[in-house]
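Asker: Each chain is listed here by its residues.
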Amino acid sequence: MSIKRTVLAAALAVAATSATAASRDYISVVGSSTVYPFATVVAETFGKTTQFKTPKIESTGSGGGLKLFCSGVGVEHPDITNASRRIKKSEVEKCASNGVNDIIEVKVGYDGIVMANAKNAPLFKISRKDIFLVLAKDVPNPKAAGKTMPNPYMTWKDVNSSLPNTRIEVLGPPPTSGTRDAFVELGMEGGCKKIDWIKAMKKTDKKAYKKLCHTIREDGHFIEAGENDNLIVQKLEANPAALGIFGFSFLDQNTDKVKGSEVDGVEPAFEAIADGSYPVSRPLFFYVKKAHIGKVPGIKEYLAEFTAEKAWGDEGYLTDKGLIPMPAAERKSFADAVKTMKNLEM
Amino acid sequence: MSNQNQTEKRAIDLVNASLKKRYAKERRFRHVGQAAVIMGLLFVSFLFISIIGNGYTAFEHTFVRLNIEFSEQEIDPEGKRDPQALSTANYAGLVKAAMRAEFPDVKARKDKRALYKLISSGASLALREMVLANPEIIGTKKEVWLVADDDIDMLIKGHIDRNVPESDRRVSDKVIGWVEQFESKGAVEKQFNTTFFTNGDSREPELAGIGGAVMGSLYMLLVTLALSFPIGVAAAVYLEEFAPQNRWTDLIEVNINNLAAVPSIVFGLLGLAMFINFFGLPRSAPLVGGLVLTLMTLPTIIIASRAALKSVPPSIREAALGIGASKMQMVFNHVLPLAMPGMLTGTIIGMAQALGESAPLLMIGMVAFIVDIPGGPFDPATVLPVQVYLWADSPERAFVERTSAAIMVLLGFLFIMNFLAIILRRRFERRW
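Chains G and W, in that order, give the protein sequences.
Count the first sequence with this note's numbering and you get residues 3 to 348, in order.
Count the second sequence with this note's numbering and you get residues 190 to 621, in order.
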């Protein structure tokens with residue numbers, strides 16, 4: 003009898019608390035694992051310095067985050083999503099079809115993607131064209147103009163005579179990673195475009211152009227090393243002949259173990275990424291659901307914390323964590339957009 | 190007769206001829222078996238050595254002794270000792286003032302910034318707690334051990350090499366000079382890292398702890414245990430003792446065995462679709478995690494419980510029925526108590542499995558950065574294996590040792606649970 007009663011009481015308690023769970027007193031953030039280290043620092047500072055609870059930040063990847071974000075309005079859906087790329091038109095439409103119409107877009111700053119090797123290995127000076135020729139599945143046939151062939155290059159020297167005569171071995175992230183997407187787009191496609199007839203192809207046959215520029219070779223010279231960038235750093239240390247692809251913040255933390263290769267003559271340094279001269283860098287964003295402002299406490303204050311100079315400014319605490327800040331004018335325009343709650347414009 | 194003699198001879202010859210070969214075969218098999226065991230042991234010891242070697246340093250943290258002046262002007266200029274004013278005072282300023290007093294010749298703004306970074310941002314919280322606990326100390330001067338920044342900690346522990354060129358390390362020569370000045374005064378010390386056990390997650394390695402993850406794991410396992418044990422045992426008892434033997438029960442049995450082999454991420458997807466999207470339970474809550482893991486551990490518990498019931502000899506059942514007990518009395522008063530140790534062992538092993546699980550939790554939002562320690566099964570929480578995963582992915586070097594330390598704690602819990610299972614089996618299991 004008494005057991006029955008306690009079970010009943012427990013069931014009632016569950017029902018009662020799930021009814022109160024209909025309101026939420028903390029901010030829910032989802033999205034990119036690249037923005038995660040920055041968003042978490044802001045969230046922690048926000049939680050410590052205000053009366054609000056510390057926001058909950060899930061690392062779901064940019065695409066997964068936007069999917070959750072666009073699934074509807076209401077406390078069961080996240081308030082903010084981080085993205086290491088801009089929101090796509092199809093995603094905006096999906097958002098709108100679920101009633102998420104007003105979105106504020108905030109650019110956070112930049113992230114550089116570096117190709118690095120072990121400290122004791124020779125410094126690589128490569129161009130984006132080299133990156134394409136080294137890593138693409140199919141490359142232009144030098145003997146027949148306008149034709150491609152499966153990538154025949156075995157050593158770096160085969161691609162560019164100024165590079166060392168070692169076997170091509172590149173460790174990089176798997177296709178699910180945003181870092182991989184950005185690297186393919188900025189590094190490989192950037193080099194691909196340097197070849198005139200491929201550039202011309204973009205207008206005539208966009209599909210074939212994309213396939214040629216975006217497909218990475220699968221013959222063992224490019225090794226998928228998993229999502230964990232720390233692991234790539236460790237592997238580079240153990241294998242001086244290999245190069246690795248990862249985010250700038252990991253290079254910044256491990257300057258005693260690895261060094262970044264120069265791309266198009268520019269070293270991957272903080273200043274070079276900030277002023278845009280380092281070619282393989284991408285913007286980072288987050289998106290805010292306007293309908294939740296005022297419903298979930300603290301969103302406005304969280305945005306103010308993120309867009310404050312002490313956070314994302316030139317000497318803000320996010321730069322300590324490896325974020326490359328935007329130029330002052332760009333920061334101001336995004337900070338103003340947050341204050342006036344300007345809607346996203348595609 | 191001669192014929193028979195010949196065959197006898199031949200048989201023994203055959204035996205003798207192949208004897209050596211057969212012995213050799215047996216020896217080879219033994220060696221292969223031993224080699225397999227040794228190999229397994231080697232791998233396990235390699236794993237343990239690397240984890241413990243990486244992680245044991247995380248249980249200590251570097252502290253720096255500073256002479257803090259709890260100046261009344263800074264903390265409580267109005268002198269009312271109002272708790273609200275005391276808790277919002279500028280304690281970081283006290284640390285900065287103490288650092289400036291320690292190194293009076295550091296003048297440049299950039300150098301000062303670097304100097305302040307020697308001490309963790311968590312130090313001001315520690316000072317605040319000191320003042321709130323005992324407002325009497327305002328106006329006095331006191332030597333306090335404060336948490337050092339993670340870079341300094343790595344330097345003291347030798348994870349940052351002082352001998353490599355300055356451009357190759359995160360800590361500049363100037364900072365090393367300051368640290369050495371502290372060291373020469375004996376003002377740097379490694380102390381037991383209580384923060385690691387009491388704090389929730391943080392992006393500052395020196396403030397990050399597994400407290401939140403342990404509580405999250407605890408709530409989740411409580412939910413799992415409260416649901417999966419009674420349901421699992423009831424299902425096993427019904428299937429084993431009461432259910433008729435027909436095609437339906439066969440089908441159910443096959444499906445339970447199949448479920449035990451389903452990859453755990455599938456249960457996560459099911460949990461997302463059912464508990465979060467359909468029932469509207471909160472994301473990231475240990476309650477949902479517990480429900481998902483209940484689904485995952487149920488087959489294990491049912492199978493183990495049925496095996497335990499099967500091992501109770503039929504004579505016990507027959508004796509009970511023979512003296513007039515009903516079937517229900519027979520099961521609950523005679524069979525179940527004897528089968529209980531086996532059932533509990535199965536449950537503990539299921540729980541250990543649930544404790545180490547992270548894949549299904551990804552789907553229901555428990556792979557998240559959560560600073561506040563959860564206060565109940567409805568608060569957002571993360572669990573130990575997820576905390577390991579999140580730290581392993583962090584760029585800061587100090588998280589490497591903390592990752593290993595968190596693994597050690599997780600392994601510790603698993604050891605205790607498996608050990609409990611063994612004790613239960615040894616103490617209470619009866620053999621017939």
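The set of hints was computed from the structure by calculation and includes no laboratory data.
Check the hints yourself; a few may be wrong.
[To be verified] Below, computed lysine-lysine pairings styled on BS3-like, alpha-carbon distance capped at 30 Å:
#1 G:Lys237 with W:Lys346
#2 G:Lys312 with G:Lys121
#3 G:Lys312 with W:Lys285
#4 W:Lys299 with G:Lys109
#5 W:Lys306 with G:Lys312
#6 W:Lys285 with G:Lys55
#7 W:Lys363 with G:Lys312
Asker: All the hints need checking, so say for each whether the structure fits it.
Answerer: Hints, verified against the model:
1. G:Lys237 with W:Lys346: Since the Cα atoms of Lys237 of chain G and Lys346 of chain W sit roughly 23 Å apart, the hinted pair holds (cutoff 30 Å).
2. G:Lys312 with G:Lys121: 33 Å, violated
3. G:Lys312 with W:Lys285: 18 Å, holds
4. W:Lys299 with G:Lys109: 28 Å, holds
5. W:Lys306 with G:Lys312: OK: Lys306 of chain W and Lys312 of chain G at ~15 Å, within 30 Å.
6. W:Lys285 with G:Lys55: Distance of about 27 Å is within 30 Å: holds.
7. W:Lys363 with G:Lys312: Status holds; Cα separation ~24 Å.
The structure fails to meet hint 2 from the earlier list, while all remaining hints are met.
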